[in-house]
Structure formats: structure tokens, C-alpha cells
Amino acid sequence: DTGVSQNPRHKITKRGQNVTFRCDPISEHNRLYWYRQTLGQGPEFLTYFQNEAQLEKSRLLSDRFSAERPKGSFSTLEIQRTEQGDSAMYLCASSPKDWTYEQYFGPGTRLTVT
Amino acid sequence: DAKTTQPPSMDCAEGRAANLPCNHSTISGNEYVYWYRQIHSQGPQYIIHGLKNNETNEMASLIITEDRKSSTLILPHATLRDTAVYYCLGGGGADGLTFGKGTHLIIQP
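Heads up: the protein sequence lines correspond to chains A and B, in order. Per the working numbering, the first sequence starts with residue 1, numbered consecutively. Per the working numbering, the second sequence starts with residue 1001, numbered consecutively.
The following block holds chain A by itself, in its conformation from the complex:
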């Protein structure tokens, strides 16, 4: 069990550019979640997958955000036309169970939009 990994750990981009983050969940965890966290706040839920199916999207996930989980393994989160308000920590979590909130988080990707 190597834990949830996320890449890159830090990303600095200019406003208007597209960025993509990757999350590798714990092996055989069928649920995968994305969250966003800004300074001083708790994480905010964005979306989650069960295997390759995206089951829920928060209203925080604007049209500029898209997430995929091909083949039900790793996941990517893409932000198009980044804005300064997108600057945050993006966290990924995975869960082995379908009915509990026992989620295991990765270290996050810190995005800075200049």
C-alpha cells in the first residue's frame, strides 16, 4: 500500500493557460474523489468517480473544469483558461468502500495562477 499519489506537487501557471493534474489512488480502491482547498478553509468537494463512472459533480465544478478516470485507475483533473481564483490546493482521495466516508487523501497539488 503506497498511498494516494498526486503529480505535480506544485504548479505555477499564467492566467488563461490550461493545467492538468494527475491522481493515482490506492490500488483497488474503486472510489476516487477530488477536492479543492483554499487557505484557512476546509477542503471542498468537487467530484467523485466509482470505477470509471463520474457519479457526482459539485456546483463548484464550473465548465472550465473536467475530470476523467479512464479504465477506473488513475484520474486527471483539467482546468481550462485558468483564473486567479483557481489558485488553491487540489486534493485527491480514494476509498475502498461504497458506503462509508473513510477516504484516504493524497498530498495535494498546489496551483498558483499568476
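Derived by calculation from the structure, the hints in this document are not laboratory data. Please note that a few of the clues may not be correct.
When the alpha-carbon atoms are kept at most 35 Å apart in a straight line, the in silico DSBU-like pairs for lysine-lysine are as follows [unchecked claim]:
| no. | chain 1 | residue 1 | chain 2 | residue 2 |
| --- | --- | --- | --- | --- |
| 1 | A | Lys57 | B | Lys1101 |
| 2 | B | Lys1101 | B | Lys1052 |
| 3 | A | Lys97 | B | Lys1069 |
| 4 | A | Lys57 | B | Lys1003 |
| 5 | B | Lys1003 | B | Lys1101 |
| 6 | A | Lys71 | A | Lys97 |
| 7 | B | Lys1052 | B | Lys1003 |
| 8 | B | Lys1069 | A | Lys14 |
| 9 | A | Lys14 | B | Lys1052 |
| 10 | B | Lys1052 | B | Lys1069 |
| 11 | A | Lys57 | A | Lys97 |
| 12 | A | Lys11 | B | Lys1069 |
| 13 | B | Lys1003 | A | Lys11 |
| 14 | A | Lys57 | A | Lys71 |
| 15 | A | Lys11 | A | Lys57 |
| 16 | A | Lys11 | B | Lys1101 |
| 17 | B | Lys1101 | A | Lys97 |
| 18 | A | Lys57 | B | Lys1069 |
The structure displayed is predicted, hence computed values, not measured ones.
Given the structure of chain A, go ahead and fit chain B onto it with the hints provided.
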């Protein structure tokens, strides 16, 4: 998900038990109480969860009141490494977690 209320910050002396309270008066009968913590610059870490009965694992104990309107997370022998933000959450499914601002626990040497 149930709305939870936690004090914004608490102090505890190293080696003593840290008792973190949480009010969740709107929790429904099938919603679990979950606790997570987040050490600075790391992702949140699952600690423990419970429904009705008290629970204990290698990290902590969870005491849930009989009416389920509140709970207390107990770290029996706090160390400096337990300094973190502790989140109490209520929920019943496998959807995304709803975090509040949590309690910033500071362990004093």
C-alpha cells in the same frame, strides 16, 4: 449531511489527553460521525468513525452521546505531532465529504 459545530481552537499539554468536542444536533439516524485531521501542508487523514456506540482504534477514541447530538474525539496521550486541524463530519453515504473549518489543536510542550 449533518451540520457540525466545533470550537475554532484548543490547547493541550503534551502527554495529556486531548478532548475535542463536536455538536451535530441535526444528524439523522443513519448518518455516521467521522473525524479527520489535517497536519500543516498535508492532505486530511482519516481518524475514526462511529454510528451509535463508542469506538476506539490505535489513533483515538470516539465517544458519541446517547442522543447522538454530540461527540468527543479523545487523543489519550497527545504528542507534539498531534498538532493539526481536526474536522468532525456527519454523513451517511459514499459521496463527497463536507468539511467545516474544524478545530485547530495545538499541543504545548
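Hints, one by one, checked against the model:
{"no.": "1", "hint": "Lys57/A - Lys1101/B", "result": "holds, 22 Å"}
{"no.": "2", "hint": "Lys1101/B - Lys1052/B", "result": "holds, 24 Å"}
{"no.": "3", "hint": "Lys97/A - Lys1069/B", "result": "holds, 26 Å"}
{"no.": "4", "hint": "Lys57/A - Lys1003/B", "result": "holds, 20 Å"}
{"no.": "5", "hint": "Lys1003/B - Lys1101/B", "result": "holds, 12 Å"}
{"no.": "6", "hint": "Lys71/A - Lys97/A", "result": "holds, 18 Å"}
{"no.": "7", "hint": "Lys1052/B - Lys1003/B", "result": "holds, 17 Å"}
{"no.": "8", "hint": "Lys1069/B - Lys14/A", "result": "violated, 47 Å"}
{"no.": "9", "hint": "Lys14/A - Lys1052/B", "result": "violated, 50 Å"}
{"no.": "10", "hint": "Lys1052/B - Lys1069/B", "result": "holds, 11 Å"}
{"no.": "11", "hint": "Lys57/A - Lys97/A", "result": "holds, 19 Å"}
{"no.": "12", "hint": "Lys11/A - Lys1069/B", "result": "violated, 42 Å"}
{"no.": "13", "hint": "Lys1003/B - Lys11/A", "result": "holds, 34 Å"}
{"no.": "14", "hint": "Lys57/A - Lys71/A", "result": "holds, 19 Å"}
{"no.": "15", "hint": "Lys11/A - Lys57/A", "result": "holds, 24 Å"}
{"no.": "16", "hint": "Lys11/A - Lys1101/B", "result": "holds, 25 Å"}
{"no.": "17", "hint": "Lys1101/B - Lys97/A", "result": "holds, 26 Å"}
{"no.": "18", "hint": "Lys57/A - Lys1069/B", "result": "holds, 29 Å"}
Consistency note: the structure conflicts with the earlier hints numbered 8, 9 and 12.
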